[in-house]
Amino acid sequence: MTDDRDNPHLKTLTKQLADGRMDRREFIRHACLVGISAASAYAMAGVPMATPAKAQGAKGGLLRIGTRVKEIKSPHTYSWGGYDSNVSRQVLEYLTFTDEKGVTQPYLFEKWTVSPDLKTWTFNVRKGVKWSNGQDFTADHVIWNLKRVLEPAVGSSMIGLMKGYMLDDVTVDGKASTKIWSDKAIEKVDDYTVRLNCKTPQVAVPEHLFHYPMAIMHPDSKGVFEVGSLGTGPFTLTEFELGKKAVLKARKDYWGGAVGIDTMEQIDVGDDASAAIAALASKQIHGLVFADPGQYDALKALPHLNFYDVPTAETGVIRMRCDQKPFDNPKVRKAMRMAIDPEVVLKVALRGLGVAAEHHHCSPAHPDYAQIPPMKRDVAGAKKLLAEAGFPNGVSSELIVPNDHAWFQSQAEACVEMWKEAGITVKLTPMPGAAYWDVWTKVPMGTTIWYHRPLAIMCLGLAYRTGVPWNESGYSNKDFDAILTEAEGTLDMTKRKELVAKLETIMQEDGPLVQPVFRSTFTFMDKRVKGFSMHPTNYMFAWKLSVDA
Amino acid sequence: MSAPPAPDGLLVLDHVKVEYVSSVGAVTAIPDLSITIRAGESYGLVGESGCGKSTLLMAIMGYLGPTGRIANGRIVFDGADVSAADPASLARIRGRGCSIVYQDPNAALNPTLTIGKQLIEVPMLHEGVDAKTARAKARQILTDVHLPDPDAVLDRYPHQLSGGQKQRVVIAMALLANPKLLLLDEPTTGLDVTVEAAVLDLVNELREKYGTTLLYISHNLGVIAKVCDRVGVMYLGDLVEEAPVHELFANPRHPYTRRLLACVPRLDTDKHTTTFLPIPGQPPSLAGRPRGCSFGPRCAGFDAPRCGVAPIPEEPAGPGHGVRCVRWRELDQFEKTDAEHVAPATPGVEQVMRSADLSKVYDLGNAFMGFGSSRQLIANEDLSFQANKGEILAIVGESGSGKSTFARILAGLQDASAGKLMVLGDDLSRMPAHKRTLEQLAAVQMVFQNPDATLNPSHTAGFSIGRALKKFGIAQSRKDLDARVKELFGMVRLSPHLARQRPGRLSGGQKQRVAIARAFAGDPKLLVADEPVSALDVSVQAAIVNLLLQIQARNGATIVFISHDLALVRHLADRVVVMYLGRVMEMGPVSSIFSPPYHPYTEALLAAVPVPDPTVKQKHLRLEGEPPSPINVPLGCRFAARCPRKLGPVCDETPPPEQAAPDGHMIACHIPVAVLARVTPIFQRVQTPAGAANPS
Amino acid sequence: MGGYIIKRGASLILTLFAASFLVFAVTEFSPSNVARKTLGPFALQSQVDILYEKLGLQDPLAVRYTRWLGVLLGLKADPLQDPALGLQFKDPRGDKYFGNFGYSTLYKAPVNDVIWSRLKATAALAGIAFALIVPLSLLFGVLAGMREGSGLDRTISVFGIIATSVPEFASGVFLVAFFVVTLGWLPGTSPLDSGGGWPIWSQMILPVTVLVLYDAGYVVRMVRGSMAEVMNKAYIRTAVLKGLPMRDVVVRHAVRNAMIAPFTVILLQINFLISGVVVTEMVFAYPGFGRMILDASLFGDIALIEAATLIALTIAILTQLVSDVGYAVLNPQIRLA
Amino acid sequence: MSATIDNAAAAPLTAPVDKAPPSLLRRLPQSRVAMVGLGLIIFWVALATLAPLLPLDPPNKQDLMALADPRPSARHWLGTDFKGRDILSRLIWGARTVLSVAPLAALAAYLVGCPLGLAAGYYGGKVDTIISRISDIILSFPIIILYVILIANIGPSALNIVLAVVLTAAPGIARIVRGLTLEQRHLDYIAAAQLRRESALYIMFIELLPNCRGPLITDFCLRVGYTIITIGILGFLGLGLPPPDPDWGTMVKEGTAMISVRPHMSLFPSIAIVSLILGFNLLADGVRELSLRD
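Residue numbers (full-length UniProt numbering), protein chains in the order written: chain A, 1 to 549; chain B, 1 to 696; chain C, 1 to 337; chain D, 1 to 294.
Honestly, the hints are just simulated from the structure, not real lab data.
Glycine is no exception: its CB is placed at the ideal position from the N, C-alpha and C atoms.
Check each hint, because a few of them may be wrong.
[To be verified] Simulated crosslink set (DSBU-like; lysine-lysine; CA at most 30 Å straight-line): (1) C:Lys-7 to A:Lys-222; (2) C:Lys-96 to A:Lys-244; (3) C:Lys-233 to B:Lys-117; (4) A:Lys-199 to C:Lys-76; (5) D:Lys-61 to A:Lys-420; (6) A:Lys-325 to A:Lys-283; (7) C:Lys-90 to A:Lys-127; (8) B:Lys-117 to B:Lys-17; (9) C:Lys-90 to A:Lys-442; (10) D:Lys-61 to A:Lys-384; (11) A:Lys-175 to C:Lys-120; (12) C:Lys-96 to A:Lys-179; (13) A:Lys-249 to C:Lys-90; (14) A:Lys-427 to D:Lys-126; (15) A:Lys-347 to D:Lys-126; (16) A:Lys-163 to C:Lys-90; (17) C:Lys-76 to B:Lys-180; (18) B:Lys-137 to C:Lys-90; (19) C:Lys-90 to A:Lys-175; (20) D:Lys-126 to A:Lys-331; (21) A:Lys-222 to C:Lys-233; (22) A:Lys-199 to A:Lys-502; (23) D:Lys-126 to A:Lys-325; (24) D:Lys-61 to A:Lys-376; (25) A:Lys-179 to A:Lys-163; (26) A:Lys-163 to C:Lys-120; (27) C:Lys-90 to A:Lys-244; (28) A:Lys-249 to C:Lys-120.
[Stated by the list, open to error] Stretch-level coverage of chain D by chain A, calculated; a stretch enters the list once three of its residues show a Cβ under 8 Å from a Cβ in chain A: (29) 61 to 75; (30) 115 to 126; (31) 193 to 206; (32) 257 to 263.
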């Protein structure tokens, strides 16, 4: 607790909390980010800390989860947290832990402190953590992992995430590449202390450390994860068959305590929505990693299942390429938004499991979300705008829908119907998810998955700032960029929210996106499974779970 | 016939009525038929296609299929009523009492079982003997039917045997059951004439040996004359006449029988002396069976009140001779014995076609990538003969003789490998149709064998004639075309409205007439007729032959007539070429071919011809085996391997010289013509009934 | 016979050659490229570009095809396994061996690690289905064709035609609704894993039923047609008129001849069962070959598609060979040449 | 040397000459099987043709009221799908797609396959070898694999489905036509045409092709049925025609997730598919039986 009181950010935060500029939830989240322990943060916020779901004690037994069993060999280059990392997650752990409420807490890092300028982060490695071969877990292990994910040749998506504050652009053999900005960027203080010296201020470093490719591997693994791989986690992988199943056995000597189950099996149920339902109905599996809105009604009808959900900032952005006709005209883009009633999309595509959005990619789940007047559906207004833009007879375009998110198509279909009334003709073209990622920054109109991110400004910065790699729409607005930069450097929540409100307005008026909904992620589990809670990014933590006989 | 069943009848058919039932109702195939066959007798049933003779056979075997049934009457075999038999006793009758020899031995044998397996089933089933005994028995029977190397045959599959061998196997199979009655359903149809003769010899021999009763069915009066004691003539399901064989041929009493006999080519007449008397019209469908006499509508003596009201009763016309005709005594009043005689064309001296050393060799496969040896099939070799204007040149030979190949080269459907083929001054040997000028094409046209394949089933009868007229530039406008088509239909005696019918609605004879009209569309100088009548019933055949002769008499075309039927050739040819395995054995004017000196092969052919006259006795002369494959031809004389008069190695090693005999007669043989001339004629009349001409 | 085998072998190789090129050419139309697929959606474009160049993906189709062929024949090392790329792609068999299908970009594993277990699973499914389809179709086909037009014949024919008209996805879906959801008698998916309390044999029932229903309908009709034709043949009449009882006629004389025509068709079903089970595998989440091909095609995993195509084609052509040989055995009139 | 064969034995006597079988089409009513099949096809063709005139919801219209209870009701006779769209309307409008794409695809395959088969059969030799070899290669492909690979790569659209059907079906058609051509090539009416120097094209298309029509009509019906299955399978595998326009296979697929609670969503589209396929299969069967009766 004493450490917490010394935290340089504490004063600002408590002041904001006291002034009412920051609500309690935001306070706790920020306090934790800057290294204040969750217990202290909750105490200071005056919120009783929910007892974190504790392991149920070693009851033994088998847990079977339906998923897709994909390739898992290279955790540092995983491309999606939903499937692949859920196998390794039970073996390989992360330095921090962001809970379903967005509060980041210590994990393999026991605690941390950050300098007032948010550039120097000092992390303390938890003592007593042992690899599955009995070896102690130390700072060297952490540094090996950090350096590895930032090595361009490895190809980890951590590069994209940490590039802004850890990497420099360089040219290698005439090709754009990156390198760590300074030799001292990753610094070993002692065997149990690691320091990150950032190029620019960054508040979200601990959250980034929970990003799914940041799994902590043993250096001997050379970055390969397979049956028998060393890990600090509660399980070891004993069996793996691609596309079929993965079997994980509980460790007896896990540092975190007793593991609720003996064995976890992840069973591949395929992409077919009905196969997963059938597997649950016949009790071949206890639950799913996550379920699709298309499965909701059927699963709800199965009496032996519990429903779990959590609101997220996950969304499918229908983005328009601002440098291609007719979307080079902001009036057309706005008309596209005005023709949509987000409530309809919410009902049709998500069965109401989510919230209506306001076309600016900032979610009420984000702490820096600012409430501005929502865009009302206005078909006449949309038509008028189109006419002003020089399209009195409406416009037409083609919308690419990657087919790996079933609800995207429902969303698109709902939108198409509404656009039709405004004289906008949109042709849907489904595309395999894999193929979409090759054209996602090129097609005139596409639907892109944006997973939950803890802050609204993170989303805006990743996707809409001029020239950033993931700016898929080619959107470029100097005012927007300037306000965004200002917001990122503003720790004062009230001020930041004011800035975010401006950003949101720009998005609604000028932005490149139609964004009707944020979804809740949800799943169903057998009632015999205890201790489960839905994580917004579909992560599973099997050691917390137990299965009643 | 209608007499009460004789007590000694082995098989008694008593007022049998057979029907076929279909969704549209029952059709009567046999209205009311009674026959009694006595034990030890050989009874022949003769009639044209569709007359119900095979139906009758199947009724006797109790095997009419799901749609057929015996609607009335009884079939009593050896005291048991077949028509009322339960399956078990029916099986017993089939297995032990009454066996059948089928028309097409290729189809009658199971292709996937060895001969042995198919044979031993019979004794194993019906005599309960073990496989070994049964096999021994089968072997014995195969020896009886004169199959060489019976043990090897037992282990062979049907496709490894020749047609004649298969028919012997089928006969053996029938005999294995020790039947009292043997039913033979056209057992030699489709076999070469020399093979046919050998099979008929066998039938006669076995009959003597086992004393089996025979019921022999055939459309071929010559065959019936050879093997039967008593003959019944069927028309449209009715037995119109029944008599002992000599009586029937000597004194036919029914108009149909008489007409039928008048259509059969005989070896003692030809086109100069006789004209066939075809039967007008065509048989009605079973559903359209006329009232009264079934032959009425086609009969010159039809008298409606007498013939067209009630079923015609049988009347006795002599001892054992019955006839179903109310006017049989008045026959001479309406039956012309001599039709309008058409003078045949007179051959000119102008040469229309001449082949010189014409050869056709097929390369049988370049085996894949040089594996296996490449083989040659010599279809024609060194053919040299000619045909003059207005002449009918017949080419005769058994299957594999190469006569059709020559026809196809001549018509332009194939080209020759070597030699010359001069037609009207042009060498066409290497000019298949697509290289010939339209004039050359029009000059040589062809009539094909199979009436069912000669017209495109998708187009009307007039269509291809119209195309030919257009192509040959004879008519272009619709009107001209229609007029010309009408004219051609008139020429072949077809009603012009048939031009708009598709072939499916035409009879075989009508189709062949259309084909002739088509061939004459371009006014050909040379007509190639490849067995144009061999697929037709004898009465239809007669009409087509008459037609060809008439047309030829009118336009003087030369006809190259390909045939296997020596009697028919005797009737219509001016000159004859006899071919064997691709080579000419003998050629000359028609009369010289049918009298000594004979080439040994021609002699054997003539000895095998079934003569529709039981009073003619043929010299007994049979060939061993069957024509060898044209792939491995002997070096010397092609016929040496089967020649009954083979001299020795010289025949095998040296090609025979082409010896000239009088009248442009040529015989290719090592035996001098003078020696060949010292043989007795093939045909001898045993007892000459009044009025019969001397056979040549 | 030696010539025959050489001939068939040459035609097999030629077919595989042509087909693999065809597939290679078709995948050209697929959006995205191997580099992007290898690195995944979140890799930076610069990373993708580097790999793109290193793999020589800018080369013309023919060059890339030759390279792929070289890897397959063991003449060239698999470029994706080059440690310099830092991709962690390593085939325990080495990077240069005959039959190296390369690396699956979808599964991020050597194709040889992925493909054979799928094939085995599908072979099990197909084998059981085949083992049922053949006797069932023969029995019903013979029964129906034995007496053409009889009540039994009509019933079997109508059932056959209905069965072939119900696509596998429809029958699969309704069998699940009935036996899994409503009755709870059978498991709804077939992961071939007994952990969920359902023994593996119980997991095979529904997929096999779906396949048998769809396929047997077709084969029954083929057999029936052939049988009916044979029953009209003269040699059957010969057998009947020899006095053989009906049973002997059918068993000894008809069945073998009736098998000749459908024999090829029956063997072709192996072909269908190996690859055509994709729908069934989808419905039941069966970890098989068909589903793998679908996944690979959707992802555009060229190496896997090529491998699967070659294997499926080889099976198809070998089946054809077996059917030709069997045909010759059944039908003594045929000589292999 | 063969003579007419008097084989009136087991079968009824040969058809009377003056009453030869009329064309297949006119005899169709004789086959109950064919009539049932034709009835099913006509039923769907009629519905598809009349679709714009029927008092139906637009097929893509989402009835938000129906989301809560999508079951069949007076408003939506066959219920709605889980996006609130009227299933009856989608089935009828979907029939338009199926009934145009499937026959069109089969027809296109015939346009390619027939000339190839005719050429292979008529010319023989090298032409035959080349055409047959290419056909063999394509026919060796397991058909579904070929469809999946093709459609997954060139994308699902009506045109591409037609292309895929042409590529996969044309070799089969060519093989059938080749066989039928070989049967006829040596028949005398072809020789007769050659003897009046008809061109090869004329012989192939005017003399040979019309006589192939019996087996080809049967094959065409079967192929349309099979194409409907294929389109359904592609839809079920997620390679169906692009949304939101109704595609039967996709409808089944979308409904399968709900099968346990809302069976109507996949039941009705399945019945529709089965009925239409059955229609074509029955018609094919009837036509075949009729042509065998000749």
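Each hint, compared with the structure:
no. : hint                   : result
1   : C:Lys-7 to A:Lys-222   : violated, 50 Å
2   : C:Lys-96 to A:Lys-244  : holds, 28 Å
3   : C:Lys-233 to B:Lys-117 : holds, 18 Å
4   : A:Lys-199 to C:Lys-76  : violated, 45 Å
5   : D:Lys-61 to A:Lys-420  : holds, 11 Å
6   : A:Lys-325 to A:Lys-283 : violated, 52 Å
7   : C:Lys-90 to A:Lys-127  : violated, 35 Å
8   : B:Lys-117 to B:Lys-17  : violated, 37 Å
9   : C:Lys-90 to A:Lys-442  : violated, 33 Å
10  : D:Lys-61 to A:Lys-384  : holds, 24 Å
11  : A:Lys-175 to C:Lys-120 : violated, 45 Å
12  : C:Lys-96 to A:Lys-179  : violated, 33 Å
13  : A:Lys-249 to C:Lys-90  : holds, 26 Å
14  : A:Lys-427 to D:Lys-126 : violated, 47 Å
15  : A:Lys-347 to D:Lys-126 : violated, 64 Å
16  : A:Lys-163 to C:Lys-90  : holds, 29 Å
17  : C:Lys-76 to B:Lys-180  : violated, 81 Å
18  : B:Lys-137 to C:Lys-90  : violated, 74 Å
19  : C:Lys-90 to A:Lys-175  : holds, 26 Å
20  : D:Lys-126 to A:Lys-331 : violated, 64 Å
21  : A:Lys-222 to C:Lys-233 : violated, 74 Å
22  : A:Lys-199 to A:Lys-502 : holds, 27 Å
23  : D:Lys-126 to A:Lys-325 : violated, 54 Å
24  : D:Lys-61 to A:Lys-376  : holds, 21 Å
25  : A:Lys-179 to A:Lys-163 : holds, 9 Å
26  : A:Lys-163 to C:Lys-120 : violated, 45 Å
27  : C:Lys-90 to A:Lys-244  : holds, 21 Å
28  : A:Lys-249 to C:Lys-120 : holds, 27 Å
29  : 61 to 75               : holds (count 4)
30  : 115 to 126             : violated (count 0)
31  : 193 to 206             : violated (count 0)
32  : 257 to 263             : holds (count 6)
Checked against the numbered hints above, the structure violates hints 1, 4, 6, 7, 8, 9, 11, 12, 14, 15, 17, 18, 20, 21, 23, 26, 30 and 31; every other hint is satisfied.
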